[in-house]
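Enquirer: Produce the entire structure from the sequences given, and follow the hints as far as they go.
Start counting at 1 in the first sequence, then tack on 477, and there's your number in my numbering.
Hints are computed from structural coordinates only; laboratory data are not their basis. Errors might be hidden in some of the hints.
Unchecked claim - No more than 35 Å apart at the CA atoms, straight line, and that leaves these computed lysine-lysine pairs for DSBU-like:
#1 Lys-576 to Lys-637
#2 Lys-526 to Lys-576
#3 Lys-675 to Lys-637
Computed from a prediction, not measured in an experiment: that's the story for all the values here.
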Amino acid sequence: MPELPEVETVRRGLAPVMEGHVIASAQVNRPDLRWPFPERMAERLAGKKVQALRRRSKYILADLSSGETLIIHLGMSGRMLISGAQLGQFHHDHPAPAKHDHVVLDMENGARVTFNDARRFGAMDLTPTEGVEDHWLIRDIGPEPLGNAFNEAYLVQRFKGRNTPVKSALLDQRLVAGLGNIYVCEVLYRAGISPSRKAGRIAAARVAGLVPIIRAVLEEAIEAGGSSLRDYRQADGELGYFQHGFRVYDREGQPCLTEGCASTIGRIVQSGRSSFFCPTCQR
DNA sequence: ATGTGTTCCTGTCCGC
DNA sequence: TGCGGACAGGAACACA
478 MPELPEVETV RRGLAPVMEG HVIASAQVNR PDLRWPFPER MAERLAGKKV QALRRRSKYI
538 LADLSSGETL IIHLGMSGRM LISGAQLGQF HHDHPAPAKH DHVVLDMENG ARVTFNDARR
598 FGAMDLTPTE GVEDHWLIRD IGPEPLGNAF NEAYLVQRFK GRNTPVKSAL LDQRLVAGLG
658 NIYVCEVLYR AGISPSRKAG RIAAARVAGL VPIIRAVLEE AIEAGGSSLR DYRQADGELG
718 YFQHGFRVYD REGQPCLTEG CASTIGRIVQ SGRSSFFCPT CQR
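Expert: This is the structure:
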């Protein structure tokens, strides 16, 4: 599920209990998720301090004092739960293990971080921190949409000559990092561009206009995640799944929210994914 | 090189 | 209440 804003929200939620703290022990309850876990993962995590908790695209990167980095991907259904830490205090009691709790990290500070992933499209790997950007899962990913390398000239260049629908182009992680089905729908709605339009046939000015829209949509979602984070810390400690007011995603058959537009939101399937759009506002 | 369809897995929801 | 099918926030992989 989680797209860039949700992963960033998870990272920010984990940081207070993990960054600068030592993993006392790790429990690994199955041999694999999408791929096998790295050899001896539990042993390689135990006793290591998390020096930094970073994010690259939809990956969370935990740099360890051993010189290795734990790479975490949440896939479609991956969740992170914090227990034993509330309101800055550690109370040391944890909920009963749940179905699909695959990896459990017990921190020396008493907090417990549980990775739960029903569909098991998630992944974890351990790799040397030096060169983690060249790891096979990460090396081909495009620029961070909130960074300087992602800009108008870049996107215009990358769209040039592409015969694929703009929806597919923006989902392509090699082109830009971190966008998923929800936020691509939201971006194209805000930009007034049909998801079916071929990327290479959009006027350069409109392509350039996508850049600030992508940034705004993601930043607003991160902000919404940030405010939800405070609630989660008070509630059950589950991170990353927050209610965010989507303006077009999952609104098939409901009225378009654009002022003065009388259309209803439609849905088409593009390469197996639902695209929600307004047939009037998006051309 | 690009573009598209299939696949991995479990859970939920909706119509009969 | 059961059953079948569609669908779900990802992305690697196989193939045209």
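Enquirer: Work down the list of hints and note, for each, if the structure agrees.
Expert: To see whether the hints hold, each was checked on the structure:
1. Using a Cα cut-off of 35 Å, the hinted pair Lys-576 and Lys-637 is violated, with the two alpha carbons roughly 47 Å apart.
2. Among the hinted pairs, Lys-526 with Lys-576 is consistent with the structure: their alpha-carbon atoms are about 28 Å apart, no more than 35 Å.
3. In summary, the hint linking Lys-675 to Lys-637 is supported, as the alpha carbons are separated by about 10 Å, within the 35 Å threshold.
Checked against the numbered hints listed earlier, the structure breaks hint 1 alone; every other hint is satisfied.
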